[in-house]
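Visitor: Given next are the chains, with one letter for each unit.
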Amino acid sequence: MKLAEIQATFHQALRGESTPEAAAAALGADPRRLAIYTRFARGHVASALESNLPVFRARASDDWPAIVDAYFAAHPPRHWALNHAAQAFPGFVQATVEATAGAPHGEGPARFGWTAFETCLAQAEWALYRALSDTAPRPGPQAPLGLNPTLVPMQFPYPVADVMLAHGRGEAPPRPAPAPSIVFFYQSPATGNGRYQKARPDLLFAVKAVDAGLDPAAAAAASGQPLAAVRAAYSAAADVGLIVGWSAG
Amino acid sequence: MSHGRPDVPAPRMGLPDLGHGVGLRREHWDDLFAPGGAEGIDFLEIVSENFMARGGRPARVLERARAHFPLILHGTALSIGTLDPPDTGYLDALAELCARTDPAWVSDHLCYSSAHGVHYLDLIPLPFTAEALDHVVERVRGVQDHLRRPFLLENLSYYIEYAASEMSEAEFLSELCQRADCGLLLDVNNVYVNCRNHGHDPRAFIDALPAERVVQIHLAGHDDQGHVIIDTHGDHVIDAVWDLYAYTLERTGPVSTLIEWDNDIPSLAVLRAENHRARAIAEAVG
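Here the protein sequences line up with chains S and X, keeping their order.
Remember, the numbering used here sits 158 above the position in the first sequence when you count from 1.
Remember, the numbering used here sits 3 above the position in the second sequence when you count from 1.
Okay, chain X solo, but in the shape it has when bound (with noise of 0.2 Å):
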């Protein structure tokens, strides 16, 4: 996936700026097909395991969602950091919902979701090791090489920081994304979340990542509940957010940026509204 010279690939890794989009809920199965609905809308992103091995109408609902929309996959039990074998029915079954969806990429999260032979239905940090990144990047070539599609990674909301680690979080997504040659995407609310968590700060974060890497962009709200706050996509982006995902857009150029909320789904045009200030904040920045 480098473009150009091998060590420096183009801005987005050379894919495109599909511009803003939302994730396909079921909540809004109706009202997105409806007229006017899709208003300010330019793609959809699909949680991969929603659609993996479904018949019945998220069948029909993702059919009529690939002929109106680009479409991107973005999944959460890939679990690409286990030490469990690889999961070839996993991934089986999200090669064929590529073949049925060819979407302009896939992503998943820098986690992992299962060990032991046992799925925790969460998202699980790894430690920012030189064992992990080696492990992470053979995984993903592995997993570059089953799907044939882009691939990103996700960079995590994670609530504990392991004292193994050897080195930031921001280094170890640099060297991943180098040596699996794999894309980033930068969910700025995690950024946020996490800074706030543990104490960093989220500029000098944003900083430290190779932009050309950024191949999209997730936005979100949370619930902060003093002590700690937890990345609960269920709810408007703050400002403090959109502020940074301002300073992001100034290092990376355009990227494809995408309104997340999974809980306490709000209408259809709530959400248009959100993907619109992101819009006008993408513009701002030109």
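Bound conformation, chain S alone (with noise of 0.2 Å):
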């Protein structure tokens, strides 16, 4: 058997497209010893959705095996990295509700019950490990006023943030009514860790200040703020690593 042969006939049990015992005898292997990659192949996959989207995975309870095997068909890992088997996750959540829009709750994919929001929170989740993965230089204690090299703003029509920090705190709250929202996604400079933070007002004020370039008395200038309250709202902003090169003092 050529090793052309042996790969596609591998190939084809690794991704269900036969049986571990077809494959084991094509190769004259114990089919039971061949399943064991067939499960591995899978609960990588699987892994891999579990550590990026642990919200998601937490809130689909019983449904996850049956997401898990409807993704892995649709969706074969193209690059090398585990991590990024979860990255088609959020299209694939999308694709999946506009595809059972107004079909029967119960049968095939629509079982799932997904609607927009959670689209939304498979966006969010990921957004979150690539924010952590950003390759951006670390900035530097002399860094000039500006926002964090990594820093994300996505908008979404759910308040997506709320149920992430819901789930932080071990609460399970049922699907939000939507609500729109904007979710900073970001590397802490401080830790290097990934982080999420809502767009508070005074949040989003300085992010876009420091965006425009303007210093805190440009900005009180700009939006008729008091400068005091400027201030505050980029040492707010710096504090959770929103932008670098403020120092309060």
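Any given hint might turn out to be false.
As the list claims (entries may be wrong) - Example chain X residues on the side facing chain S (calculated, C-beta under 8 Å, incomplete):
1. E52
2. R63
3. A118
4. H122
5. L124
6. I127
7. E134
8. H138
9. Y162
10. I163
11. Y165
To be verified - Distance ranges between label pairs, derived from CB positions:
12. X:D95 - S:H233: 18 to 26 Å
13. S:D320 - X:D34: 28 to 36 Å
14. S:A224 - X:I241: 33 to 41 Å
Bear in mind the hints are in silico, worked out from the structure with no lab data behind them.
Even glycine gets a Cβ: it sits at the ideal position worked out from N, Cα and C.
Using the hints, put the two standalone chains together into the complex.
Guide: Right under this line is the structure:
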């Protein structure tokens, strides 16, 4: 048997396109042993999803194995990095929502009962992974006033950060009602860890002003806000790591 | 990488004995650099893919590790045996990581982990055939040309044997190392696991290897499920593997040795204790 034939036969088994029994017979191998590899291949994708989308996974509850199966079949990993096996999941959720809109609940992917909120949640959790992986150079201690170079703001039609924060507190709130929100995703300048932050009005103001290149005096003049309020907003944004090069003193 | 007569490399292919090390794992990022954390740890092995094209905290930890320890790189996604074209993006990222870490050597596994454009995220065994050998030799030479670093391949733990195989694993490894002029990362636990799973003699396997090509040794725990042993890297090294480690060192001489623990990762103190035991065995063998 040539190497190409062996790899093709193994590929079919690993992708669920043939049974371990059929592949093992072709390869002259023990089917129970070959099934170890098929379990591992699916398990690695499940692991990538679970580590990068922990809130989504927790909310999926008993549907999770079926979700992993559907995703595994639809999106073979195309990148060598384990975490990237989860990269297509937000698009998978969105496509499923669109394909099952109006479909009878309880049949096929419609059984998941997803709405646009689940798409937002998957997008937000993947955005957090992208932020923590960002390779932008770490701002030095003498960095000028500016935005955190890893900062990515995202708009959502749902208060998705509230649900992620609730999960962090061990809570499992029901699907929220639609309400527009902006969430900042970025690396903490202090630790390098990935972070997300709801865009409160003061933080949003500071980010916009710093992005426009305004120092506090210029931002106060442009906005009509008291200088002390502007400085407080800059300090709050710096405290959570949204802006760098700011010293309240 | 040959030394002296071209067909007889020096022990460890002339590469250094770095002593006894552990893998750099996220669970130990804080403890490793705390006072006393590095005691008895001579070097660190980096899982290449965990730090390739990664910024943030991983990049910072890597900088710190580089400042405190000799580093070596160990990958899982090179897919040296795939028939797909070489992944130049992967190789470029690995070369960039080499430039950042200056490793004493780079290693991966004798296997393939991708085919038909799909990454399996697992290590799939190759058949031990002349065709596969020719293919891997060519791929190893390509990797060496790309990285310009000493390169080792690790003997894989595998759960199936192919009817198509034409030679033993030891014969395949010996030919591969000689023709591609690469080193061997000998995972002694894998030897034990394979021999138990397939009914081979682990000491005969060790005897059949080119001892002078063994540049590094891995030791790990496994999960004995009775009908099969799974190479989990999730437990202590068992006594039979410690014995096989001593048997190996008697043939290779001192070799850089690493405790691999990737699942159910214990405290750094537990790893240090395993490391200490490996060192004691190596010293006893002399």
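Visitor: Identify whether the interface hint at H138 of chain X stands, where standing means a beta carbon of chain S within less than 8 Å of its own.
Guide: Since the shortest Cβ distance to chain S is 6 Å, the answer is holds.
Visitor: Identify whether the interface hint at L124 of chain X stands, where standing means a beta carbon of chain S within less than 8 Å of its own.
Guide: Holds - the Cβ of L124 of chain X comes within 8 Å of chain S, reaching about 4 Å at its closest.
Visitor: Tell me if the beta carbons of A224 of chain S and I241 of chain X are separated by a distance inside 33 to 41 Å.
Guide: About 38 Å separates the Cβ atoms of A224 of chain S and I241 of chain X, which means 33 to 41 Å holds.
Visitor: Just tell me: holds or violated, for the beta carbon distance of D320 of chain S and D34 of chain X against 28 to 36 Å?
Guide: Holds - the Cβ-Cβ distance for D320 of chain S and D34 of chain X, about 35 Å, lies within 28 to 36 Å.
Visitor: Would the stated hint for E52 of chain X survive a check requiring a Cβ distance to chain S of less than 8 Å?
Guide: Holds: closest Cβ of chain S sits about 6 Å from E52 of chain X, inside 8 Å.
Visitor: Is the gap between the beta carbons of D95 of chain X and H233 of chain S within 18 to 26 Å?
Guide: 25 Å, holds
Visitor: Would the stated hint for I127 of chain X survive a check requiring a Cβ distance to chain S of less than 8 Å?
Guide: This interface hint holds because 6 Å falls under the 8 Å limit.
Visitor: With a cut-off of 8 Å on the beta carbons, see whether Y162 of chain X makes it to chain S.
Guide: Where the cut-off is 8 Å and the nearest Cβ of chain S is about 4 Å from Y162 of chain X, the hint holds.
Visitor: Answer holds if the nearest beta-carbon of chain S is closer than 8 Å to that of E134 of chain X; otherwise answer violated.
Guide: 5 Å, holds
Visitor: At a threshold of 8 Å, is the proposed contact between I163 of chain X and chain S supported by beta-carbon distances?
Guide: Where the cut-off is 8 Å and the nearest Cβ of chain S is about 4 Å from I163 of chain X, the hint holds.
Visitor: Can you verify the interface hint for H122 of chain X: is its Cβ closer than 8 Å to any Cβ in chain S?
Guide: 4 Å, holds
Visitor: Please check whether R63 of chain X passes as an interface residue: C-beta within 8 Å of a C-beta belonging to chain S.
Guide: 5 Å, holds
Comparing the model with each numbered hint stated earlier shows that all of them hold.
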